[in-house]
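Chemist: Below, each chain spelled out in residue letters.
There are 2 protein chains.
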Amino acid sequence: MSAQSELPAPSIDEIVGQKAARALGERALRTLFVEARTANGFLPRPVPRHLIERIFELAELGPTSANTLPLRIVLVETPEGKERLIATLSPGNVEKTKAAPVTAIFAADTKFFEHVPRLFPQAPKFKDAFTGEEKAQAATQFALTNATLQGAYFMLAARALGLDVGPMGGFDKPALDAAFFPDGTVKSIWIANLGYGDDTKVFPRNPRFRFDEVARFV
Amino acid sequence: MSAQSELPAPSIDEIVGQKAARALGERALRTLFVEARTANGFLPRPVPRHLIERIFELAELGPTSANTLPLRIVLVETPEGKERLIATLSPGNVEKTKAAPVTAIFAADTKFFEHVPRLFPQAPKFKDAFTGEEKAQAATQFALTNATLQGAYFMLAARALGLDVGPMGGFDKPALDAAFFPDGTVKSIWIANLGYGDDTKVFPRNPRFRFDEVARFV
Numbered sequence: 000m001s002a003q004s005e006l007p008a009p010s011i012d013e014i015v016g017q018k019a020a021r022a023l024g025e026r027a028l029r030t031l032f033v034e035a036r037t038a039n040g041f042l043p044r045p046v047p048r049h050l051i052e053r054i055f056e057l058a059e060l061g062p063t064s065a066n067t068l069p070l071r072i073v074l075v076e077t078p079e080g081k082e083r084l085i086a087t088l089s090p091g092n093v094e095k096t097k098a099a100p101v102t103a104i105f106a107a108d109t110k111f112f113e114h115v116p117r118l119f120p121q122a123p124k125f126k127d128a129f130t131g132e133e134k135a136q137a138a139t140q141f142a143l144t145n146a147t148l149q150g151a152y153f154m155l156a157a158r159a160l161g162l163d164v165g166p167m168g169g170f171d172k173p174a175l176d177a178a179f180f181p182d183g184t185v186k187s188i189w190i191a192n193l194g195y196g197d198d199t200k201v202f203p204r205n206p207r208f209r210f211d212e213v214a215r216f217v
Numbered sequence: 000m001s002a003q004s005e006l007p008a009p010s011i012d013e014i015v016g017q018k019a020a021r022a023l024g025e026r027a028l029r030t031l032f033v034e035a036r037t038a039n040g041f042l043p044r045p046v047p048r049h050l051i052e053r054i055f056e057l058a059e060l061g062p063t064s065a066n067t068l069p070l071r072i073v074l075v076e077t078p079e080g081k082e083r084l085i086a087t088l089s090p091g092n093v094e095k096t097k098a099a100p101v102t103a104i105f106a107a108d109t110k111f112f113e114h115v116p117r118l119f120p121q122a123p124k125f126k127d128a129f130t131g132e133e134k135a136q137a138a139t140q141f142a143l144t145n146a147t148l149q150g151a152y153f154m155l156a157a158r159a160l161g162l163d164v165g166p167m168g169g170f171d172k173p174a175l176d177a178a179f180f181p182d183g184t185v186k187s188i189w190i191a192n193l194g195y196g197d198d199t200k201v202f203p204r205n206p207r208f209r210f211d212e213v214a215r216f217v
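Residue numbers (numbering that gives the first Met the number 0), protein chains in the order written: chain W, 0 to 217; chain F, 0 to 217.
These aren't lab readings, by the way, just hints derived from the structure by calculation.
Since we're looking at a predicted model, the values are computed, not measured.
Virtual Cβ for every residue (Gly too), placed ideally from N, Cα, C.
Treat the hints with care, since some could be wrong.
As the list claims (entries may be wrong) - Sample of chain F residues at the chain W side, in silico, Cβ under 8 Å:
1) T30
2) F55
3) E59
4) L60
5) P62
6) V73
7) L74
8) L143
9) G161
10) P206
Sequences and hints are given; from them, build the entire structure.
Modeler: Encoded structure:
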């Protein structure tokens with residue numbers, strides 16, 4: 000192709016304009032943030048597995064440190080699985096978890112670094128930063144932080160696909176880990192009910208900080 | 000109003016249909032997840048403060064355990080602030096951070112529990128679960144987990160408003176905390192450049208896990 004037939008390269012302002020045009024509309028922002036509320040009860044309707052798998056595929060694309068992807072997820076949907084899960088819950092979390100079609104357990108793989116050569120091939124030796132008993136505590140903290148990021152992406156991806164999410168911290172962590180991660184290398188962080196929420200059971204929204212109370216420009 | 004003029008209550012299937020209709024379209028999913036990439040360079044254009052404040056307002060609505068909201072954010076944009084920040088970075092993170100119009104420091108307030116009576120008025124005594132020296136380690140872990148959730152919401156809210164985000168873990172944490180959080184109660188977790196990314200500098204996307212490698216239904 001001759002130089003004359005090529006389009007001129009876009010200017011920086013044109014590129015920035017195109018990037019700004021990626022922004023979501025108000026309706027999408029309402030779905031993700033403004034109108035989304037923690038579900039405290041669920042309508043008796045299932046969530047198809049393909050929808051859960053689509054949430055996963057979106058969330059898995061989100062950034063983690065050195066692409067380590069330490070999140071492990073158990074999706075509890077069978078009566079037998081629910082029974083094992085509910086035995087570990089605080090009393091206040093039992094009824095809504097019974098009502099939810101599926102409950103996600105978000106957990107961190109403390110041996111995540113074994114996958115570094117495959118997931119981060121540009122720096123396979125990053126694995127060595129976490130290998131060895133004396134680095135186990137640093138590895139666990141790294142796994143918890145990055146798996147927590149991924150679980151947040153998962154919850155927002157679930158909202159993005161039209162579901163309601165009810166995250167919960169009230170459970171017996173050692174008991175849940177023994178029931179679902181018996182080999183000891185995967186540690187639960189929090190759990191979340193997923194489904195179509197019963198809006199009559201949502202609590203009033205609690206206060207939030209103003210920007211200038213918790214953030215500052217320097 | 001007479002009973003006759005009232006609309007019949009919607010059926011469960013109608014409510015679920017309305018909820019499913021909240022789902023984002025493909026374009027929004029591309030902005031948030033599918034086409035979003037970690038920025039590794041930035042176009043020389045500013046990000047207005049009101050856009051950062053809007054990101055904050057959206058992200059602040061996301062769920063945290065007992066609405067504790069432990070995230071604290073410093074937005075580094077001045078030459079003096081950038082200089083202090085860059086002194087703490089790994090060499091590989093310096094150039095892109097110089098180019099970014101603003102860099103967010105995501106940090107956790109380990110004394111978050113002092114705000115529980117205001118933020119979670121239905122259970123002000125939840126504060127006591129973290130008060131006292133013997134509970135300091137549990138409080139710090141709780142703060143880190145919930146602040147990490149909030150930082151993830153912030154990064155996705157930034158993408159939702161059309162920005163590119165470049166999260167980084169490569170910095171000297173004690174040095175950064177000494178420079179930006181000298182009173183010792185706030186602990187940095189990670190940092191992220193914000194702006195309009197230079198797409199010519201993005202790295203190829205690394206592999207991801209398949210669903211069945213890291214998730215399971217039970």
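Chemist: Hints first: check each against the structure and report whether it holds.
Modeler: Right, here's what the structure says about each hint:
Interface restraint check for T30 (chain F): the shortest CB-CB distance to chain W comes to about 4 Å, inside 8 Å, so the restraint holds. Nearest Cβ of chain W to the Cβ of F55 (chain F): about 5 Å, under the 8 Å cut. The hint holds. For E59 (chain F), the interface hint holds, the least distance from its beta-carbon to any beta-carbon of chain W being 5 Å, beneath 8 Å. The criterion of a C-beta within 8 Å of any C-beta in chain W is met by L60 (chain F), whose closest approach is roughly 5 Å, and the hint holds.
Interface restraint check for P62 (chain F): the shortest CB-CB distance to chain W comes to about 5 Å, inside 8 Å, so the restraint holds. For V73 (chain F), the interface hint holds, the least distance from its beta-carbon to any beta-carbon of chain W being 6 Å, beneath 8 Å. With a least beta-carbon distance of about 5 Å to chain W, the hint placing L74 (chain F) at the interface is held under the 8 Å criterion. At a threshold of 8 Å, the smallest CB-CB gap from L143 (chain F) to chain W is about 7 Å, leaving the interface hint in force.
Proximity of G161 (chain F) to chain W holds as hinted, the smallest CB-CB distance being about 4 Å (cut-off 8 Å). Against a cut-off of 8 Å between C-beta atoms, the interface hint on P206 (chain F) holds, since the closest Cβ of chain W lies about 6 Å away.
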